[in-house]
Structures are given as C-alpha cells and as structure tokens.
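K.L.:
Sequence:
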Amino acid sequence: MTFRALDAVNLDAEALAVAVPWLPGPFADAWSRSRKHYQPRLLVSDRAVVLVTQRPATVQLKVVASAWAAGSGAEAVDGVVAFARGEGMARLVWEVPIPEPDGERGAGSVHPHELESLLEASGATQLRMSYASAPGSTGVRGWVHDFSDIGHEQLPYYAQTTDFTCGAVTALLAVNQLDDSAGLQGRSRELDRANELAFWRRATNFPAVDPLGLLVELHEEVRGRVGLEAWISVEGPTLLEWVEPGFDRDTKVLLQEESARQALDAGLSVHREWVAISEIAREVRAGAMVIMLIDERPMHDDPTPHWVLWHAVGDGLVLVQDPWINAEEGETWLDGHDLAITFDEFERMARWGDPAYRAFVVIRP
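Residues 26 to 390 (the numbering used here) are what the sequence shown spells out, left to right.
Everything labelled a hint here was simulated from the structure, so no lab data went into it. Errors might be hidden in some of the hints.
[Said to hold, decoys possible] Restricting the straight-line Cα-Cα distance to at most 20 Å, the calculated cross-link-like pairs of lysine to aspartate or glutamate (EDC-like) are:
(1) Lys61 - Glu266
(2) Lys61 - Glu304
(3) Lys61 - Asp71
(4) Lys61 - Asp32
(5) Lys277 - Asp188
[Claimed, not checked] Just the calculated beta-carbon pair ranges, DEER-fashion:
(6) Arg212 - Ala42: 38 to 48 Å
(7) Ala291 - Arg58: 42 to 52 Å
(8) Gly252 - His177: 14 to 24 Å
(9) Val300 - Arg29: 36 to 46 Å
(10) Ala99 - Arg389: 42 to 52 Å
(11) Arg226 - Asp205: 22 to 32 Å
(12) Leu222 - Glu283: 19 to 29 Å
(13) Ala95 - Arg29: 52 to 62 Å
(14) Ala30 - Gly312: 33 to 43 Å
(15) Glu139 - Arg226: 43 to 53 Å
(16) Val295 - Gly148: 23 to 33 Å
(17) Gly312 - Ala95: 44 to 54 Å
(18) Glu139 - Ala30: 23 to 33 Å
(19) Gly164 - Gly292: 15 to 25 Å
Quick reminder that beta carbons are idealized off the backbone N, C-alpha and C, glycines included.
Using the sequences and the accompanying hints, generate a full structural model.
P.N.:
In structure tokens:
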C-alpha cells in the first residue's frame, strides 16, 4: 500500500472525510486536536488513512490515529513502515490509547481494534511503560519499528512535572538506571514528584539548574558509585543570559561559585572546553550516559535552555530521554522516550547562549 502525505495542520471535517468509510464510530479527539507545531500529516491511500506527527529536528515519526478498509490492516501497517523508511526516519512509533476499565477506548475511534496484533506480527516492539508523572505520561502505550543500528536497553521515562525541573529529572532517571531502588522509581507518583522537587531545590540556581549545581548534587546522589565529570565551554557562570545586573544576578553568581568550590573539594573534574558531539558519542558508546544542555528552539520553537539524557548512540544518531512533552499540543511520553536525533541536528541543538556555549555532565558506570 502506497500513501501520499497531506499537510494536516488545520484538519477539518472535509479533510477527514476520507477516513469516514473505515471508522467504526465517530472521530476521536486524537484526529482533530491541535498539533500544529509537530508537523501533522495525513497519510492517504485508496483503502486507508493514517495521522502522523514528527517533532522538528528529529528522525522519529509517530502514528496517532489510523483507519482502513476491512482486511487491509496488515498492508496498511506495511505501507506506513515503508513511508517512514522513505522519509529517512530512524524510528516509527505507534501511540495506542489504553482501553478504559469497562473495555472501551473512550469516545470515538482512534485505531482499528486489531492494530496491536498487526504491529506484533509486523515485527514491532512494545515499549516499556512510562512512569506516571506529568500530563501525557499515562493513558497510552507504545510500539516501535526501529530502523536504526542502535541496540540498547530502554531507560525508564518520566515527564517533568514543572517547567523548571528538567535537570533534576534527567539526573534522577540516570540514577534509577544505575540502581532501580534509587532516583525516580515509578512505584509512587507522589514520591517520585517529591524526589524530583527535592533534587531541584538542592541543585537549583533559581529556577534553572546550572551545570555545576547539577554535577555537585548528582555526586551527592550517587555517593561515589560512578565517575562524574562536567564540560562547560566558557569560564564563569552560565544560564544568566536574561538576568539583569543586581541582587538576583549576584545571588545566582554566588551560588554557582559555591558549587564550583564544592566540586573542587569533592575532586570532581570540570573541563572548560567545547567538545564536538562526535567526540562525546565515544563516551556513550563506551557505556556512559550524558546529561546535555540543549536549546529548545529547534524542536519546539521555544528559545529555552533544557536538559536531556543522552543514553545511546548509533551511526550518526543519538537517542535521548527528553523529560519535556507538550501535552497541550498532543504530545505524550512517546514523543520524549528514546527520541532519535541525528548528530548534525544534535550538534546544532546542544548549545545555549550568545555567543553559544556547550555544557554537559558525563556519568560513567
């Protein structure tokens, strides 16, 4: 089955009419909700229609809704796989609503009932479930067709519950990967959030977590069980670009200077140099995890500093856990879990400031 792609930023009833013959019921919200920044496209053939999204600057396609003529499911799945490969995607993720306790999938039709059995038959892998956290972290499960050469263990996923706790979440996810009885554990939503906020309070430069604060607090969390180093390509304090001179700035500088002193006292190495993504990839290939400072602009058109956890690498490709998801625009945990990005895009993304600097923390088990 061959699909043609139509822009689906402004889907209306007329545009969706192509799917009506194959829907067992009314359209679910998944078909029509706003997803405008995430490149929604309607894939259309003579016997199927599929709604997909893709975060800008990534090579990961997500299927959010589908419908097809009776008996056409296997061919439709194969057609979407072929489309994703043809678009140069590294991963094709399928988002499947979890049925309600009464057996219903909620109001309206999102996917044909046989989708998951077809995905299993097609060679897709079911993803481990997200830890319950922010909106978008529950209510759906995921399957993936992985076209990359990256063999890796899936890390847990947790969505940050505030706008400012990305550093805490990435650090605590790494801790949990090292020791499943520590960090964010997925056993209690309330306890995980308390740990998220507590780490942030100890590491914060109010409200951002700066690289040195992150390094020092992560050192306290792991208690010498792993090797830690930081790279910051500028001298002096960071993440102060929008802070005016005065009390607030002076306080933030003082806290960062104190973190630098604590890092020195703890014997933690802080390197002041720019390192290329291809060089950092050698650390990840050797088993390290990297907490990387990025600019949110390429993926979300939002000039904001942000921490992600880089945990796997392939030929010119990185996989990260991104704790930020835009649930208001239809994103779920599947948009941040094992997110695939090319070296070139990550090289452009992994920087902040003007002039730009690069900052990251390496965790060596």
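K.L.:
Evaluate each hint against the coordinates.
P.N.:
Outcome of the hint check:
1. Proposed proximity of lysine 61 and glutamate 266 is contradicted: the alpha carbons are some 29 Å apart, above 20 Å.
2. With a CA separation close to 35 Å, the supplied pair lysine 61 and glutamate 304 exceeds the 20 Å bound.
3. Taken as a hint, the lysine 61 and aspartate 71 pair is broken in the structure, with Cα atoms around 26 Å apart against an allowance of 20 Å.
4. A threshold of 20 Å between alpha carbons decides the hint, and for lysine 61 with aspartate 32 the separation of about 10 Å falls inside it, so the pair holds.
5. Restraint check for lysine 277 and aspartate 188: satisfied, since their Cα atoms lie roughly 19 Å apart, inside the 20 Å limit.
6. At about 46 Å, the beta-carbon gap between arginine 212 and alanine 42 stays in the expected band of 38 to 48 Å.
7. Range check, alanine 291 to arginine 58: about 48 Å between beta-carbon atoms, so the 42 to 52 Å window is met.
8. Distance hint check: the CB atoms of glycine 252 and histidine 177 are about 20 Å apart, consistent with the given range 14 to 24 Å.
9. For the pair valine 300 and arginine 29, the supplied restraint of 36 to 46 Å holds, since their beta-carbon distance comes to about 43 Å.
10. Alanine 99 and arginine 389 have their C-beta atoms about 45 Å apart, which keeps the hinted 42 to 52 Å range intact.
11. A hinted range of 22 to 32 Å for the beta carbons of arginine 226 and aspartate 205 is consistent with their spacing of about 24 Å.
12. The hint said 19 to 29 Å for the Cβ distance between leucine 222 and glutamate 283, and at roughly 21 Å that hint holds.
13. Separation of alanine 95 from arginine 29 is about 22 Å and departs from the stated range, judged on CB atoms against 52 to 62 Å.
14. In this structure, alanine 30 and glycine 312 meet the distance hint of 33 to 43 Å, their C-beta atoms being roughly 39 Å apart.
15. Checked against the given bound of 43 to 53 Å, the beta carbons of glutamate 139 and arginine 226, roughly 48 Å apart, stay inside it.
16. For valine 295 and glycine 148, the hinted distance range of 23 to 33 Å is not satisfied, since their beta carbons lie about 45 Å from each other.
17. As the Cβ distance of glycine 312 to alanine 95 is approximately 49 Å, the hint placing it in 44 to 54 Å holds.
18. Our hint of 23 to 33 Å for glutamate 139 and alanine 30 holds, since their Cβ atoms are close to 24 Å apart.
19. As the Cβ distance of glycine 164 to glycine 292 is approximately 45 Å, the hint placing it in 15 to 25 Å is violated.
Figure legend: structure checked against the earlier numbered hints; hints not met, in rising order: 1, 2, 3, 13, 16, 19.
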